[in-house]
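Asks: Take the given structure of chain A and dock chain B to it, following the hints.
There are 2 protein chains.
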Amino acid sequence: MNNERHILSAFDRDLEAVQAMVVKMGGMVESAIHDAASALDARDDELAEAVRRRDKAIDALEHQINDEAARLIALRAPRATDLRMVLSIIKISASLERVGDYAKNIAKRSHVLGDLPAIPGSGMALRRMSAAVETMMKDALDSYIQRDVALAEDVRQRDLEVDQMYNALFREFLTHMMEDARNITACMHLHFIAKNIERMGDHATGIAEQVIYLATGGLPEDTRPKGESVPRMTTEGA
Amino acid sequence: MNNERHILSAFDRDLEAVQAMVVKMGGMVESAIHDAASALDARDDELAEAVRRRDKAIDALEHQINDEAARLIALRAPRATDLRMVLSIIKISASLERVGDYAKNIAKRSHVLGDLPAIPGSGMALRRMSAAVETMMKDALDSYIQRDVALAEDVRQRDLEVDQMYNALFREFLTHMMEDARNITACMHLHFIAKNIERMGDHATGIAEQVIYLATGGLPEDTRPKGESVPRMTTEGA
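Chain order of the listed sequences is A and B.
Everything in the first sequence is counted per UniProt numbering, starting at 1 for the first residue and increasing by one.
Everything in the second sequence is counted per UniProt numbering, starting at 1 for the first residue and increasing by one.
Isolated chain A (complex conformation):
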């Protein structure tokens, strides 16, 4: 069985190398979330431009991770849980790529917002929301690397808070639009940004769910509202 042991450890080494790329990609995506929110809040066009430019490197890294994952499968022929670990990397990197796109989109919009009336409190609220998502993303990746199901479960629960932040912001934007038609355009942009941040949270949750699935072979009955919530879009009450 020495031979098998040897093969296993070669697989582990290779897996670690690909996982290191995923961690690197995760770090780049976390920076993108952070900087997109900062650029928006500070109306910093240069930083927004940097976020847009850096998205190319994130996309390139996804391709590289896919190639490495395929190489690993072809070379080491992993089975059962090992194979599932590698396959989940493909899904996780696709999620990260998507989140990078959302950050790029926020950066694009922040430039347009520069010419529009400011909506009081929105910058702060969006920063808070994106900080929550940034931490979720970090913890989701940590839970994957460390196979930490409790942490993954925690990420999954925190998505509910992000959904609530989004719903509260939505009602605020609606109020501003109803009060003054000159706020409509700015609120439409800000609402898109809020929605993009909420979707980032969904992707972090998706990564956390991969971790739970890998560890337990299934997901708890769907207690978490899945996909985007549909606010009733009234300004009264919750």
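The hints are simulated quantities; they were obtained by calculation from the structure and are not laboratory data.
Misleading hints may appear alongside valid ones.
The list treats identical chains as interchangeable, and a pair is accepted whether it falls inside one copy or across any two copies.
[To be verified] In silico lysine-lysine, DSSO-like type, Cα no more than 27 angstroms apart, as pairs: (1) Lys108 / Lys56; (2) Lys91 / Lys138; (3) Lys56 / Lys195; (4) Lys91 / Lys56; (5) Lys108 / Lys138; (6) Lys195 / Lys108.
Values in this document were obtained by computation on a predicted structure and should not be read as measured data.
Replies: Below, chain B alone, put in the same frame as chain A:
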């Protein structure tokens, strides 16, 4: 080499079986797109409810496809292009699952829209847009099954038209909102729906790009605007 030939054809048989599941999933997703748009246009709550209910079967099929793909890899140990074909199935089914979610979301919103003022012309425009996306999705999957790069390239180009439809609709909604604040809530919902349809188009394009990537090992230089476009959000001119 008889043995290798035997292994190859067993792989082909297994691949075809998984691809048949992808085609089935594709058909379910196309129906979801179609029915979500019909339910919206006809304010048909029962049909909308059916779309929401059927999304569970789409999600279940994605899990099944992932399991089968993993089984195929473990059992047949495909390499090079064969392996890439199988790995692309995982990505394609993830895209289809996402599109199913968007259709479900449209169905959720169509119920809310029942209580709101009608926005002239919006039902027709959204149906046209979703019909375009439905065909894109069908052709993207056909291009995958038939390894038809020309068809995949065609799908990719058609996404530009969908983006244009979205931009035109966006400006229309903005006009209605500015003209009468009572339209704001309905337009916010309709705009979300338009955005969801546009995102479905992005996913169809993603599948088409997988086909091109599988066949050529790369993508043409990115001439297509990637991700969501950011309309300047003015009502004047284009």
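Asks: Give me the numbers of the hints this structure contradicts, sorted from smallest to largest.
Replies: Structure breaks no hint.
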